[in-house]
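J.: One letter stands for each residue in the lines below.
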Amino acid sequence: MKVAGRQAIYRYPLLTRASHWLWVLAFVVLIGSGLQIFNASPNLDASDKSDAARRVLAIGSPADGVGTTTVFGHAFVTTGWLGWTDDGMGEKSAHAFPAPIIIPGYQDLAAGRRWHLFFAWIAALCWLAWLISSAIKGNLREMVLRPTDVPKLWPMQAYYLKLRKEPPPHGIYNPLQKAAYTTVLFVLAPLVVLTGLALSPGIDAIANPLTVAFGGRQFARLWHFVGMGLLVGFFIIHTFQVATQGVVNQMRSMISGWYQPQ
Amino acid sequence: MKRRLFLASATSALAGCGPIGSALNNNGSVRRILASAEGLNHLLIGTRGLAREYRDNDVDRHFRVNGFATPSDARYSDLVARNFAPYRLIVEGAVERVAAFSLAQLQRMPQQTQITRHDCVEGWSAIGKWSGVALGGLLDMVGLRNDARYVVFRCMDNDGSGNLYYESLDLHQARHPQALLALRLNDAPLDPDHGAPVRLRVPTQLGYKSAKWIGRIEVVGSFATIAGGHGGYWEDQGYEWYAGI
Numbered sequence: 001m002k003v004a005g006r007q008a009i010y011r012y013p014l015l016t017r018a019s020h021w022l023w024v025l026a027f028v029v030l031i032g033s034g035l036q037i038f039n040a041s042p043n044l045d046a047s048d049k050s051d052a053a054r055r056v057l058a059i060g061s062p063a064d065g066v067g068t069t070t071v072f073g074h075a076f077v078t079t080g081w082l083g084w085t086d087d088g089m090g091e092k093s094a095h096a097f098p099a100p101i102i103i104p105g106y107q108d109l110a111a112g113r114r115w116h117l118f119f120a121w122i123a124a125l126c127w128l129a130w131l132i133s134s135a136i137k138g139n140l141r142e143m144v145l146r147p148t149d150v151p152k153l154w155p156m157q158a159y160y161l162k163l164r165k166e167p168p169p170h171g172i173y174n175p176l177q178k179a180a181y182t183t184v185l186f187v188l189a190p191l192v193v194l195t196g197l198a199l200s201p202g203i204d205a206i207a208n209p210l211t212v213a214f215g216g217r218q219f220a221r222l223w224h225f226v227g228m229g230l231l232v233g234f235f236i237i238h239t240f241q242v243a244t245q246g247v248v249n250q251m252r253s254m255i256s257g258w259y260q261p262q
Numbered sequence: 001m002k003r004r005l006f007l008a009s010a011t012s013a014l015a016g017c018g019p020i021g022s023a024l025n026n027n028g029s030v031r032r033i034l035a036s037a038e039g040l041n042h043l044l045i046g047t048r049g050l051a052r053e054y055r056d057n058d059v060d061r062h063f064r065v066n067g068f069a070t071p072s073d074a075r076y077s078d079l080v081a082r083n084f085a086p087y088r089l090i091v092e093g094a095v096e097r098v099a100a101f102s103l104a105q106l107q108r109m110p111q112q113t114q115i116t117r118h119d120c121v122e123g124w125s126a127i128g129k130w131s132g133v134a135l136g137g138l139l140d141m142v143g144l145r146n147d148a149r150y151v152v153f154r155c156m157d158n159d160g161s162g163n164l165y166y167e168s169l170d171l172h173q174a175r176h177p178q179a180l181l182a183l184r185l186n187d188a189p190l191d192p193d194h195g196a197p198v199r200l201r202v203p204t205q206l207g208y209k210s211a212k213w214i215g216r217i218e219v220v221g222s223f224a225t226i227a228g229g230h231g232g233y234w235e236d237q238g239y240e241w242y243a244g245i
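Chains W and E, in that order, are what the protein sequence lines are.
Just so you know, the first sequence maps onto residues 1 to 262 in my numbering.
Just so you know, the second sequence maps onto residues 1 to 245 in my numbering.
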């Protein structure tokens, strides 16, 4: 197939494209509903049980009209953004994350949990289906970071920073892309699933070593939040890169599969 | 310009989450689809294993008080004033022998102790040392009829609008070795704020299952006709009946 006169390559198989967009949906719902769940107890402790002495993050409202975010004991005033925010009912009140970014868009822990636990299944099953299919088809080989890619990471970054004229030789994905995808799919995705499971009493009873491995129940909740933050970081960089590096070509390739090499 | 446009569209997409989520959440079919995860979780996690038991020095000396306000009606105040002497734990419904146990009778039964973590659905947790009567043993004493399926706990506290708290367990959960009718917390008799004289402890599920101020235990074939029909006060407000996750 030819796009704009040049030979296009079929880069993304159907299952990769379908799981990509399903993940986008699940990601947005899991973040929104996760923040809803966080709001019910807006503290994160590096401990098994709740322990104010080991509090890493606290988002609160010390007085009406004031929101604060406390990180490792250092308090910042975040009125309007965190702690004292829009409650989705036309008022501002003591809620950690603002209503417009939580699901549903007002305080409702029960509904937030329903959304979260349903889309957690969607995301996890989608990951499993993608992994099996990619492993069988061999696509996995092209995107997993290997030891031989490591020396090429800096040259690739130098190319992006315009310190180098040519990128180092690479396959379909460059070494930085491989590093990012490997981290997201094989480190962060398992991290958020396992920490989510570890903070559930029923799972703790079946697989206590899992909860212990993350430092206990509240610590697992902290890791779950950290994993979320890193995934959001990836999401922002990824979206920015797509938007700035040939958005039409990029979007078309993730919809039809056909990518036009630059 | 491109960058500003990108930031603007990203922000508005983010701020759309809440309102779109709210609109979808009001749709009955959407809620039914979302609720399907509960059955899957119940099936896969179920009531296996034992909650971790801790050491004495892990205990929170001032165990967090949560849930509805301590009952303040004349009947409960009278029970507190008389040290729960007139209290009877009634066990009825699909049982062989209806029973009414005084607190002294419950205290004379074999006692079990557990130091377990209480995981609240809100996200916090606390560790307490609980002693009391194994729920399974009590059910054996009264004997269950063949039509028994669920054990419903009728409580003395209400939500401020007169709706009494209640909870339920299936027989498998009720016979779990750590399902406990607690009479003591941290080596002292339960105080009114922690559910005196009798509260439930189900450490393998979220805290709302561990009902406080139990007045009556009713064994039933189905909880569909009780209150909102979902098997518990919070379940009637949309929370999962299966609270293992």
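Hints in this document: simulated from the structure, not taken from any laboratory.
Source: prediction; values computed, not measured.
Every residue, glycine too, gets a C-beta built ideally from N, C-alpha and C.
A few of these clues could be false.
[To be verified] Rough simulated footprint, nothing fancy, chain E against chain W, three-plus residues with beta-carbon under 8 Å:
(1) 34-46
(2) 108-122
(3) 172-186
[Stated by the list, open to error] The calculated lysine to any residue pairs, modelled on SDA-like cross-linking and capped at a C-alpha distance of 20 Å, are:
(4) W/92 <-> W/74
(5) W/92 <-> E/14
(6) W/92 <-> E/19
(7) W/152 <-> W/181
(8) W/92 <-> E/16
(9) W/92 <-> E/22
(10) W/92 <-> E/15
(11) W/92 <-> W/58
J.: Going straight from one Cα to the other, do residue 152 of chain W and residue 181 of chain W come out at no more than 20 Å?
T.: holds, 16 Å
J.: Need the status of pair residue 92 of chain W, residue 74 of chain W: alpha-carbon distance at most 20 Å?
T.: This hinted pair is violated, its Cα atoms lying about 24 Å apart.
J.: Between residue 92 of chain W and residue 14 of chain E, does the CA-CA distance stay at or below 20 Å?
T.: holds, 19 Å
J.: Could you grab the alpha-carbon distance between residue 92 of chain W and residue 19 of chain E and see if it respects the 20 Å cut-off?
T.: Measuring from Cα to Cα gives roughly 16 Å; hence the hint holds.
J.: When I compare C-beta atoms, does the stretch 108-122 of chain W have three or more residues closer than 8 Å to chain E?
T.: With 11 residues closer than 8 Å to chain E, the stretch 108-122 of chain W meets the three-residue bar; holds.
J.: Establish whether the coverage given for the stretch 172-186 of chain W by chain E is satisfied; the threshold is a Cβ-Cβ distance below 8 Å, and no fewer than three residues must meet it.
T.: violated (count 0)
J.: Can the restraint linking residue 92 of chain W and residue 15 of chain E be considered satisfied, given a maximum Cα separation of 20 Å?
T.: OK: residue 92 of chain W and residue 15 of chain E at ~16 Å, within 20 Å.
J.: Quickly compare the C-alpha distance for residue 92 of chain W and residue 58 of chain W to 20 Å and report which way the hint goes.
T.: Holds - the C-alpha atoms of residue 58 of chain W and residue 92 of chain W are around 19 Å apart, at most 20 Å.
J.: Take the C-alpha atoms of residue 92 of chain W and residue 16 of chain E, compute the straight-line distance between them, and say whether it is at most 20 Å.
T.: Answer holds: residue 92 of chain W to residue 16 of chain E is near 18 Å, not above 20 Å.
J.: When you check the alpha-carbon spacing of residue 92 of chain W and residue 22 of chain E, does it fall within 20 Å?
T.: holds, 18 Å
J.: Establish whether the coverage given for the stretch 34-46 of chain W by chain E is satisfied; the threshold is a Cβ-Cβ distance below 8 Å, and no fewer than three residues must meet it.
T.: Holds: 5 residues of the stretch 34-46 of chain W have a Cβ under 8 Å from chain E.
Violated hints for the displayed structure, listed by number in ascending order: 3, 4.
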